[in-house]
Amino acid sequence: MSRRRSGFFALALALVLAGCQSGSGGGGVIPANIFNAVTQAYTGVNPADVQGATTDIDEAEEIELGRSVATALGSRYKLLRDEALTRYVALVGNAVALQSDRPDLRYYFGVLDTDEINAFAAPGGYVFVTRGTLQLMRDEATLAGVLGHEVGHIALRHHVETIKDQKKAALGKGVGTTAARVGSRFLPGAGGAAASGLANSPLMNLLADGLVNGLLKGWSRGEEEQADVVGVKYATRAGYNGAGLRDFLKAVQDTGKQPASSGFFTKWTETHPGTEDRLKEQENQLKTAPTGGRRAASRFETAMATLPKSTPAAPATTGTPGSKAPSR
Amino acid sequence: MRRTTIAISLLVVAATATTAAETTRWVERTKVDIRAGKGSYYEIVETLVKGDTVDVLKTEDKWVSVRTKNAKTGWVYEAALKPTPVQPGTSEFLKSAPGDTTTSRTAASQGAKGVYAQSYAKEKGYDYGIVTWMESHQPTEPQIEAFLKDPGEKSGGTR
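Chains A and B, in that order, give the protein sequences.
Its first residue numbered 1, the first sequence is counted upward by one per residue in my numbering.
Its first residue numbered 1, the second sequence is counted upward by one per residue in my numbering.
A couple of the hints might just be wrong.
[Claimed, not checked] Taking lysine-lysine pairs in the DSS-like style, the calculated list, with each CA pair at most 25 Å apart, reads:
#1 A:K217 / B:K62
#2 B:K122 / A:K233
#3 A:K233 / B:K95
[What the hints assert, rightly or not] Chain B stretches covered by chain A per the calculated footprint, using a threshold of three residues with CB under 8 Å from any CB of chain A:
#4 45-53
#5 72-83
#6 116-130
#7 133-140
#8 144-153
Honestly, the hints are just simulated from the structure, not real lab data.
Where a beta carbon is used, it is the ideal one built from N, C-alpha and C, also for glycine.
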């Protein structure tokens, strides 16, 4: 950082700490227009353009946060880079997503290389299913049910509500003010943003961290119930047998193991019998769901031919997720 | 007879005017992609921003076939359009995202293109290549179309 820039940084920091960067409220040391002009001259960004941060979420912002969460999940669990398998999962996923309440959103599907039985939905259309989950399935209808559930979280904008809450909290703490929005071009944000040269935003990073933590801690019971309901609906609309999600939950129950308390299973399993409750709800929903629908068992079996049976426990790919990834 | 003809002509003109007015729609979202088909996996024909207008050609399954001001035709999900004028505008995010800060049109068409996520991944020590790989290994439009037409197999329909 040059001396000139350092000087401006010190000045800006002092102004921010003094809470007078806008010069509003009559208590400002420097008039807002002068502050804004100086800031724009140094940073190229006029604080007037980015102040007044609201909790509104733009779809582009949701997608960008989805990419951040996807990198975190893919690094934590390791992405299985099997082209044919990924394509098949994505074909089923797209068939279901096309019937969702957000069919105009572009969805991306991936397989996580872990024995853990789980599935995750990141904001903006990024959906993951684990190898352990696929190994437990017997047909395409089951996969459609699980992917329908995950697409449901996205279509019902569960992440968007989470982001809004986080933004509200961040704004309350002043994180969403000019300094945080502008990021490295104005102040060195959390994590040494100044060095990146990219459009780093402490607020965006904070939101991404919050979303990853949220996914690993789990959705609320109400959100899970909603995703289950629409998941079955999307799968049946796509022509699948609506019992797929129920069959998956039953298969999980039949393993006799306590499922993970994150992603697909979440808080519900921590405080309730979980899978058993969801199975009951599924049986109730199936009473009024369309009957019939395809299972596509042989196509599923063919697609799973390349699925590794198990992988030796290996640390996640890059970085140091062990120390930096959010704890579960 | 002449009066009747005039009356009918006026009715026709009025009806035509009404139809024309009804076929214009305004983009309500900060960004909307006009696609080559009725699905999010189709190629993007053009990206429009809030306040832009389109002419409606037809509607099928909640997807609207439209013609843009640039004379391009494509499909857009009906929830993105409004039948009454919408003031141009952008979001706080697109305003601060890299791109054309005047209209945010560039930012809207390209999104943030992963710049925030790349920066986040770098800071955390994560591999952004995960996103790149995922986004580049999704099925193509013809593959999805073929898959949707293929039932896979007949089911028993039992539960």
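Evaluation of the provided hints:
At most 25 Å may separate the alpha-carbon atoms for a hinted pair to count; K217 (chain A) and K62 (chain B) exceed this at roughly 36 Å. Restraint check for K122 (chain B) and K233 (chain A): the C-alpha separation of about 39 Å exceeds 25 Å, so the hint is violated. Distance restraint check for K233 (chain A) and K95 (chain B): the Cα-Cα separation of roughly 37 Å exceeds the 25 Å cut-off, and the hinted pair is therefore not satisfied. Residues of the segment 45-53 of chain B lying with their CB closer than 8 Å to a CB of chain A number 0, which falls below the three-residue condition for coverage.
Counting residues of the segment 72-83 of chain B whose beta carbon lies closer than 8 Å to any beta carbon of chain A gives 4, which meets the minimum of three for the stated coverage. Counting residues of the segment 116-130 of chain B whose beta-carbon sits less than 8 Å from any beta-carbon of chain A gives 14, enough to reach three: the coverage restraint holds. Only when three residues or more bring their CB closer than 8 Å to a CB of chain A does the claim for the segment 133-140 of chain B stand; here the count is 6, and the claim holds. A stretch counts as covered by a chain when three or more of its residues have a beta carbon under 8 Å from one of that chain; for the segment 144-153 of chain B and chain A the count is 6, and the coverage holds.
The structure shown violates the earlier hints numbered 1, 2, 3 and 4.
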